[in-house]
Amino acid sequence: MAADTDIFVENEAHADPHHSEGGWDGGDKKPFATSYGKLMMWYFLLSDAFTFAGFLIAYGTLRISSPSWPVPDAVFATAPFGIHNLFPGGHAPLIFVTFMSFLLIISSGTMVRAVQEGARENKRGVVFWMLLTVIGGAGFLGCQAWEWNNLISVEHMTITTNPFGTYVENGVYLDPATGEPTDEKIEAGKTYLMHKAGESHGEGHEGEHFEYPTAATDAPGYMVDDRGYIHRKFLVQDGFDEGAIKTQAFGPVAFGALFFGITGFHGFHVLTGVGFLLIILLNAGSGVYAGRKNGYEMVEKIGLYWHFVDLVWVFVFLVFYLL
Amino acid sequence: MADHLSYEESKTAVWKGLGLLAAVTVIEVFLSLLKAQDWAKDFQPLFIFLALLIIVLSIYKAYFIIFEFMHMAYEVKGLAMTVLLPVFLLLWGVIAFFYEGNAWKGNREKIQDRNRIESVLDAPNPVGAIITDEDYIMG
Chain A
1 MAADTDIFVE
11 NEAHADPHHS
21 EGGWDGGDKK
31 PFATSYGKLM
41 MWYFLLSDAF
51 TFAGFLIAYG
61 TLRISSPSWP
71 VPDAVFATAP
81 FGIHNLFPGG
91 HAPLIFVTFM
101 SFLLIISSGT
111 MVRAVQEGAR
121 ENKRGVVFWM
131 LLTVIGGAGF
141 LGCQAWEWNN
151 LISVEHMTIT
161 TNPFGTYVEN
171 GVYLDPATGE
181 PTDEKIEAGK
191 TYLMHKAGES
201 HGEGHEGEHF
211 EYPTAATDAP
221 GYMVDDRGYI
231 HRKFLVQDGF
241 DEGAIKTQAF
251 GPVAFGALFF
261 GITGFHGFHV
271 LTGVGFLLII
281 LLNAGSGVYA
291 GRKNGYEMVE
301 KIGLYWHFVD
311 LVWVFVFLVF
321 YLL
Chain B
1001 MADHLSYEES
1011 KTAVWKGLGL
1021 LAAVTVIEVF
1031 LSLLKAQDWA
1041 KDFQPLFIFL
1051 ALLIIVLSIY
1061 KAYFIIFEFM
1071 HMAYEVKGLA
1081 MTVLLPVFLL
1091 LWGVIAFFYE
1101 GNAWKGNREK
1111 IQDRNRIESV
1121 LDAPNPVGAI
1131 ITDEDYIMG
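Line by line, the protein sequences are chains A and B.
Position 272, counted from 1, in the first sequence is what the numbering used here calls 272; the numbers after and before it change by one each time, with no gaps.
The numbering used here runs 1000 ahead of the 1-based position in the second sequence.
Among the hints, a few may not be true.
Unchecked claim - Straight-line C-alpha distance at most 20 Å; calculated SDA-like pairs for lysine to any residue:
| no. | chain 1 | residue 1 | chain 2 | residue 2 |
| --- | --- | --- | --- | --- |
| 1 | A | Lys233 | A | Ala219 |
| 2 | A | Lys246 | B | Ser1119 |
| 3 | A | Lys196 | A | Val154 |
| 4 | A | Lys29 | B | Val1120 |
| 5 | A | Lys29 | B | Lys1077 |
| 6 | B | Lys1035 | A | Ala74 |
| 7 | A | Lys246 | B | Val1120 |
| 8 | A | Lys190 | A | Leu323 |
| 9 | A | Lys185 | A | Lys233 |
| 10 | A | Lys233 | A | Ala257 |
| 11 | A | Lys190 | A | Glu169 |
| 12 | A | Lys185 | A | Phe128 |
| 13 | B | Lys1016 | A | Phe102 |
| 14 | B | Lys1035 | A | His91 |
| 15 | B | Lys1077 | A | Ala215 |
| 16 | B | Lys1105 | A | Ala33 |
| 17 | A | Lys190 | A | Val236 |
| 18 | B | Lys1016 | A | Leu103 |
| 19 | B | Lys1105 | A | Pro67 |
| 20 | B | Lys1011 | A | Asn122 |
| 21 | B | Lys1035 | A | Leu318 |
| 22 | B | Lys1011 | B | Met1072 |
| 23 | A | Lys38 | B | Ala1073 |
In case anyone wonders, no lab produced these hints; they're calculated from the structure.
Work out the full structure: start from the sequences and follow the hints.
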């Protein structure tokens, strides 16, 4: 990429940049004491940061404007291999995404090691640490694939349907069989997941379950819409609508689009990052960069990109999972 | 980590940095779970304090990644400034858009309140009194 520009040309006639009448072939003084390639990588990352910031600010704006928002602890409480069932109530809030964050942070650390070995012109070291970085990145992608698959095919979230609603009032559920109030409480601020009739939803079952019909139904105690989502009914016990019977509604529509859009855009960065890491890993292994004698600068540049991917995840993790 | 350290020192610096980032992440997750407890939710100032603390820790992680892992601390000042200063433009973006989002929420609540008032006033003859969302252009 920038190998040509990295060659330092000693030229007495143009040593002073202010006397370059000799033509266009000056430029032996590098701006900011760095190479063209690294400088442009920094500016690319700056522009990419603005793209991500635009997405995340849109998320924040929509979230602030909504009367309620799915609580992350309730939405992201599952883990592969049924690990979440080992936790109280079958909920493992944020455990899996924390593991994903660790994968990315560790791969960032191994990337720094690869760059350090590159600076010492140690080919074996570069290849070894880049390989670990690739494994970390691929592991992250695998985790994200599991997370998406769980949200889409188990919990039935799509970019336009958000089955994670949040109560804004206190009250009690109605019994689905009889339509009479039960002593099963609902609390303002608690997030619920609307299940699909006749499908497993991946959570632990307790006791006998009411069998909901799969066809659209409007019973006194529940409603099944034409797509099969079960909306339970509840009796409101405080606020303006005290005494009213309400039906569970879908959560804010934008949630699915924002989640899949933003984590998808980040995941795509990870995917391309893994691709470029592999290419540069193979080049490094076959001695392409050793011949350039510039301290494996290409490894340094992909390193900047890889750390940036980790940096963006810090903020995606912050707004989607932590807050 | 940089030229000012020996190879051995810079190697340990990486693992120390990694440990720091991991520790900060664990603290963040702990605070986030704490914040989601019922008693924290009911006590608004604590909830906001914990949320702000998590944001500050995340910004610290970002600072550490940029300055140490990405080597920004050891670049020429001009380079650091041309990359970092434009980011501060986003501060205004955050303030302006979040203010706007809050205003949309306010509008929604106002409409809901008016609907409630009118539904009470016109209870015997509610025809024509119900303001639907279509009567207002939101945002």
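For each hint, the structure was consulted:
| no. | hint | in the structure |
| --- | --- | --- |
| 1 | Lys233(A) x Ala219(A) | 9 Å, holds |
| 2 | Lys246(A) x Ser1119(B) | 17 Å, holds |
| 3 | Lys196(A) x Val154(A) | 9 Å, holds |
| 4 | Lys29(A) x Val1120(B) | 77 Å, violated |
| 5 | Lys29(A) x Lys1077(B) | 16 Å, holds |
| 6 | Lys1035(B) x Ala74(A) | 13 Å, holds |
| 7 | Lys246(A) x Val1120(B) | 19 Å, holds |
| 8 | Lys190(A) x Leu323(A) | 15 Å, holds |
| 9 | Lys185(A) x Lys233(A) | 12 Å, holds |
| 10 | Lys233(A) x Ala257(A) | 27 Å, violated |
| 11 | Lys190(A) x Glu169(A) | 9 Å, holds |
| 12 | Lys185(A) x Phe128(A) | 56 Å, violated |
| 13 | Lys1016(B) x Phe102(A) | 15 Å, holds |
| 14 | Lys1035(B) x His91(A) | 16 Å, holds |
| 15 | Lys1077(B) x Ala215(A) | 66 Å, violated |
| 16 | Lys1105(B) x Ala33(A) | 50 Å, violated |
| 17 | Lys190(A) x Val236(A) | 14 Å, holds |
| 18 | Lys1016(B) x Leu103(A) | 16 Å, holds |
| 19 | Lys1105(B) x Pro67(A) | 7 Å, holds |
| 20 | Lys1011(B) x Asn122(A) | 14 Å, holds |
| 21 | Lys1035(B) x Leu318(A) | 13 Å, holds |
| 22 | Lys1011(B) x Met1072(B) | 18 Å, holds |
| 23 | Lys38(A) x Ala1073(B) | 15 Å, holds |
Consistency with the previously given hints fails for numbers 4, 10, 12, 15, 16, ordered from lowest to highest.
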